[in-house]
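2 protein chains.
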Amino acid sequence: MSFELGIDDLNDLARGAAVLGTGGGGDPHVGRLMVENVMRSTGPITIVDIDEIDDDDFIVPIAQMGAPTVAVEKMPAGTEPVAALRAVERHLGRTATATIPVECGGINSMIPLLVACQTGLPVVDGDGMGRAFPELQMKTFAAYGVPGSPMALVGERGETIVVDTGSDDKRMEWLARGITMRLGGAALIAEFTMTGAQVRRTAIRRTLTLALRIGRTLREAREAHEPPVTALARTIAGTDYRHLRVLFTGKVTDVERRTDGGFAQGRATFASFESKSELRLTFRNEFLIGEVDGEVVCTVPDLICVLDADNCEPITTEGLAYGQRATVLGIGTPPVMRTPEALAAFGPQAFGFTESFQPVEERIPC
Amino acid sequence: MSFELGIDDLNDLARGAAVLGTGGGGDPHVGRLMVENVMRSTGPITIVDIDEIDDDDFIVPIAQMGAPTVAVEKMPAGTEPVAALRAVERHLGRTATATIPVECGGINSMIPLLVACQTGLPVVDGDGMGRAFPELQMKTFAAYGVPGSPMALVGERGETIVVDTGSDDKRMEWLARGITMRLGGAALIAEFTMTGAQVRRTAIRRTLTLALRIGRTLREAREAHEPPVTALARTIAGTDYRHLRVLFTGKVTDVERRTDGGFAQGRATFASFESKSELRLTFRNEFLIGEVDGEVVCTVPDLICVLDADNCEPITTEGLAYGQRATVLGIGTPPVMRTPEALAAFGPQAFGFTESFQPVEERIPC
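Chains as they are written, first to last, in UniProt numbering: chain D, 1 to 366; chain P, 1 to 366.
Negatives, chain D to chain P, calculated, CB over 10 Å: (1) Phe58; (2) Ala233; (3) Val246; (4) Glu278; (5) Arg280.
Calculated cross-link-like contacts (lysine-lysine; reagent style DSSO-like; alpha-carbon spacing at most 30 Å): (6) Lys251(D) <-> Lys276(D); (7) Lys74(P) <-> Lys170(P); (8) Lys170(P) <-> Lys74(D); (9) Lys170(P) <-> Lys170(D); (10) Lys276(P) <-> Lys251(P); (11) Lys74(P) <-> Lys170(D).
These are calculated hints, taken from the structure and not from any lab test.
All C-beta atoms, glycine included, are put in the ideal place defined by N, C-alpha and C.
Take the sequences, apply the hints, and build the full model.
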């Protein structure tokens, strides 16, 4: 169902998007401030349901690309997202009828809203990851046959680059990552332009609504002094994600982090509050794999989310610090993200791990 | 005067272009083989004099970009130059009426000929350097106000990238260099698209003719058992370059060379045949500055050319090796390359040297 999204929804949406960002996707806080600032004068925007778009609509996904460690410090000028949209429009000779997030996690839940405020376009309620992933080709759009090219990248000085690698999305990622590094580590992009029919066939549905519900659930639970994780589990159970497991509760004892190859990469170690157990999370922008005492407890594409143990606010990989007290969750992904095509694009082996994917609800029975 | 250029001219042209390449610009040998191969079936091409083009012609310069150390090993597929031409044509919605070399030195004297064979376009007799330089903004086109953007880069797998940095050519160089490295170290490019009027205002004239004359002079001198350097000095004296000086004769005793940041960079040391003097040449793709026993004898934009002492064949920076016996020449540049605007773009200080430009004929009086 389509709906209007206003300023009062932005805090909840950003909180939910940070959960779905699984530590990455860029801190939505910055994006929220940008949207709020523009929305104050432009008013609410339309979030359109996937079932209500036309088959021959022309949908242009818009996002930020880069290492979150850079993106939190390097503010966009604010004009780049629409410039990226206009660059692919010009390149293809078509005019967008809507935009859509490429990932509903992190700052990329917010960037399309900014474009909507600035252009009047509606935002389609869905995305290509149902979470956040580090690389451009790691999308259901790609897994189900939509090419990423042509893509446009725009830098803070208005530099505009259009990349076309045909059907080779990994090559596109390789080139775009290099360009993003040359642009200072972050860029705004338009890619995976699609018809309405292609969006309907390949997108994860209603993930903006989901982010909003997750953010609202956590806030309302806090306000009602209920346990937020219990409330969150109830919300998740009513969606395609279905399963939530508490993987670990403990304190951050070590963080190794480097910004390398255009990604924020590293490992975080957590010591249990109750036992001698240790959790180790490996991340590349997002949390990819979690191991408790050497045993794998959750892997991509299932979601690993680190929440502050006290207030349940999500903690991003670039925000991890020694001594933080955390509740670490594993959340299942929708079935469309667990097919062989999807796992080939963004299962653990696509990230170089030898581990095979096993659903979190099977790894940790209730 | 316009003329037809045929297969029999290619060897002389390549030899002359290697002299004007001042050690860089990529070895023209590879380009010559590519042109020869295509020209065998397509026949001669038209080299059109700058005075014979129309003001509103649309001229697209085409070149290879990258470190010569890479370019000599990474053969182009052969379809990239025309693909780069088509990419800027499509981006701008205009059709080229001619192409022109960006540099008359090295392989880039040959790439436009390949495009001419493949498309039937004429090649304008001129270029934007009158020699070879390592960076994109180091052109008379730029020094006299033509922007480099939009530029297209094409990789060997057909990857096509269009870069637009407005009037900021140094930013264009920075991004394009990064893209070229991601493409494996070499790419084919189209940039500095111009009207006929702009070409007439900014290009160095008749440099293809010059390369041809230089190559022919060296060959004919060898065939007639005359000293090639004397013959070359006579040819140069009849052009805008005017001055030729023998900077040094000696043997290569040391070469430091690394491919770094997308360039072949380093230093070569030569020991004199007759005395204890040493010549040191510093290069970045091209030879930039020459010092004899610590005293500067020649700098960019004047040309430093290393010729084999025995047969006077030019030696490129990537071809330098211990024990080579060489005659090292300094050749003046045309007055249009010695103006304040030109020296700001490609004088010694544009390369980070503290030394100011002084013409080679003043540094070494006859």
